[in-house]
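S.K.: Each chain is listed here by its residues.
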Amino acid sequence: MLREPELYDYSPMADRPKITWPNGARVAFWVAPNIEYYELDPPINPGRRAWAKPHPDVVPYSHRDYGNRAGFWRMMEAMAKYGVRGSVSLNVALCQHHPEIIAACNELDWEFFSHGVYNTRYTYTMSEAQERAMMEDVIATIKDCTGQNVDGWLAPALSYTTNTMELLAEYGVKYTCDLFHDDQPQPVNTKSGPLISVPYSLEMNDTVVLSMMGKSSRHYSDILKANFDQLYEEGAENGQVMCIPLHPFLIGQPHRIGNFAEVLDYITGHDKVWVTTGREIAAHYYQHHYDNVVASLAAKREAR
Amino acid sequence: MTLSDDYLKYPKRGHGMDHDRYTWSQLHERPPVIWPNGARVALWVVTQLQWFPMDMKPAVPVPAAMARPYPDYWNYTLRDYGNRIGVFRIFKVLDKLGIRSSVAINSALAERYPYLVEQVNARDWELIANGLDMGHPHYGEMDRDEEAALIKGVLQSLRGLSGQKIRGWLSPIRSESMNTPDLVAAEGIEYLCDWANDDMPYAFETTAGGIHNMPHTMELDDQQILISLRHTEREYVDQLKDQFDCLYAEAASQGGRVMAINLNPWVTGQAYRIKALEEALAYITAHDGVWSATGGEILDAFKAQT
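Keeping their order, the protein sequence lines are chains G and X.
Under my numbering, think of the first position of the first sequence as 1, with each following residue one higher.
Under my numbering, think of the first position of the second sequence as 1, with each following residue one higher.
Bear in mind the hints are in silico, worked out from the structure with no lab data behind them.
All of these numbers come straight from a predicted model, not from anything done at the bench.
Please note that the accuracy of each hint is not assured.
As the list claims (entries may be wrong) - Below, in silico cross-link-like pairs of lysine-lysine (DSBU-like), each with a Cα-Cα straight-line distance of 35 Å or less:
no., chain 1, residue 1, chain 2, residue 2
1, X, K275, G, K215
2, G, K143, X, K9
3, G, K215, X, K96
4, G, K300, G, K18
5, X, K96, G, K225
6, G, K225, X, K241
7, X, K241, G, K215
8, X, K152, G, K215
9, G, K191, X, K96
Said to hold, decoys possible - Derived contacts from chain X toward chain G, CB cut-off under 10 Å, selection only:
no., residue
10, K165
11, E219
12, L240
Built from N, CA and C at the ideal position, the CB exists for glycine as well.
In isolation and in its complexed conformation, chain G is listed as follows (with noise of 0.2 Å):
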C-alpha cells in the first residue's frame, strides 16, 4: 500500500500563483446535487457493504428514495430561484430509473457529472478492466441521455482504486471531486493527461454536516455562511472556490429547504461571487491558470 496518494505536490496557500476569477470575482461558487440511486438489493463488495441490515433495509432505502419522490424538486426550485445552477453530481442509472429528474435539470442548463452507476456499486476492488467498463458505462450513458461529456468525476460513493486518477485522465475527464487538500483547483499528477481536482468541500457537504455530524438545519446554515464569509475574505488575497455538495432527501426536506433558501440568497447577494458550475471553473483554470501552476510546481520541485 501507498503511504500517500503520490497525486500531488505540497503546495502551501501563502506561496503560490494568484488565481482571479471572472470579473474579478473573489470566490467561485457552486452546487453540487448529487443525483442518486440506491437499490434495495445489490451485489456484495468486499469492500463495503451496502446497508447495515439484512435485505430489505427498509428504512435507509426510502429515505434515500424521498429525495427523488419529494426532496429533489425542492431543492431545484430553491436554486433556480436564486440562479444557482447545478452540478450534478450523477449515478447515472438515474437516466434509467427516473429520466423526469434529468429531463427538468437539463432544461435549466445543469452540468452533469459522474457519480458512478449506483451509490450502492462501489469500485473498491475492481481491476482495471471493470473499473475501466464502469467508467465507459457512465460515459457513454450521459452522453446518451443529456449530449453532454463528463467532464467531472466523484467516484461512486467516495470509493476508488489506485487507479482511478490515471485512468480518469486517459478517458478524457477534465476535473476529480475527490481529493479535499485545498481551497482552490490543484493539478493531479497523472500521466496520460491533464487532471485537475476542483474543491468539494466535503466539510460542507449536507451528509457530513447532518447526518454524521448530527448538526440541526439552522446550524447548517450558520456553518455555510461562515465559511463563505470566511472565503470571500480571503479570496481577495487569491482566488477561492467553495462548493456546496447536497443530497436531496436531506436537503430537500420540509424543515431544511427554507434554511437553505436563506443561504443561497446570502452568498448570491454578495458581489465579488463567481456563481458557477464544476465544469466552468476546471475550464477558467486550464485556459487561464493551469500552465502558470504547473511550472510554478515543477520549478519548485527543481529546487529541491
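Given the structure of chain G, go ahead and fit chain X onto it with the hints provided.
M.R.: Showing chain X alone in chain G's frame:
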C-alpha cells in the same frame, strides 16, 4: 480479493423502481389532494407506546434497547417512565390544544398496561399496531411462518383488548422482512408506516392486495432528533416549526399536505421537554387550515379522491 464480473450487471436498471412495492412518482406532479373543510395541512401526531423487555435479545440492533449488563434497570425503567409519566404529560398537551393522536402500541404493552388502551379509547383516538414488543423487530431472513404467527397474535390481541379494527401497522424500529407488508395486509391492515420516502400517502402493493404507506416521519421523530442527534430542545422546536412552515406554504399551490410528528413519551414526555413540544404544537394549531386527524381519518380522506 477479486470482484465477480456480475458486479457490473444491472438487471433492474430500467424505468421506475428496482422493486414492485410501489410505482415511481414525484410528489409535485400528483393531483392536488383536498382535505376536509379545505384544510391545508393534516396534522398527524403519532404517540408511540412501547415495551423494552429487560431480557430482550433482538435479531437486529434496536436503538434504545437495553445497553448495560443484566439487570439493566437504568434503561428498562427509563423507557417505562414514558408509559407511567411522560405519556400523560403529552396527552394533556394534546387535549389542551384539541389535537387527536394515533397511538402506536406494542401488543405486549397493551396487555401489560390496559389502562393505556382505555385512555386512547376514551379519547376516540386510533390505535396502530406496533408489533409485539421492542425485543421483536421483524427483519430480512425472518422465518415466514414465525412472522405470520407473530403478526396474527399481535393483531388478535390489540383488536380484542381495544375493540378497534386496527387499520395501521408500524413495525418495531420500522424494520421489515420481505414478507411483512404481505403478511400484515393478509390480516386486514390497510396502511403501513415504515417507509420514509414521501410526504403523502401512496399506494403500496402486497400479495394480499393493495394497501397504502403513510408518511410517518423519521426525520422529525423526537428520539431521532433529541437522542440520536443530540439536538437541543430549542432546535427540536425550530425543526417542527420549519417543517410546518414549508408544508403549509406548499399546500397553498400544490394541495393538502400531511405533517407527521412522532412522539416517544420517554423522550418528549420528560418534564424539561414538554413545554418545548407544547410550544411547537401551539404554533401549528394557531394557523387556520390545520386539520388534526388520525392516520385512518387521513387515509380515508385521501382514498376518497384518488
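S.K.: Quick one: which hint numbers does this structure break? Sort them smallest to largest.
M.R.: 5, 8, 9, 10
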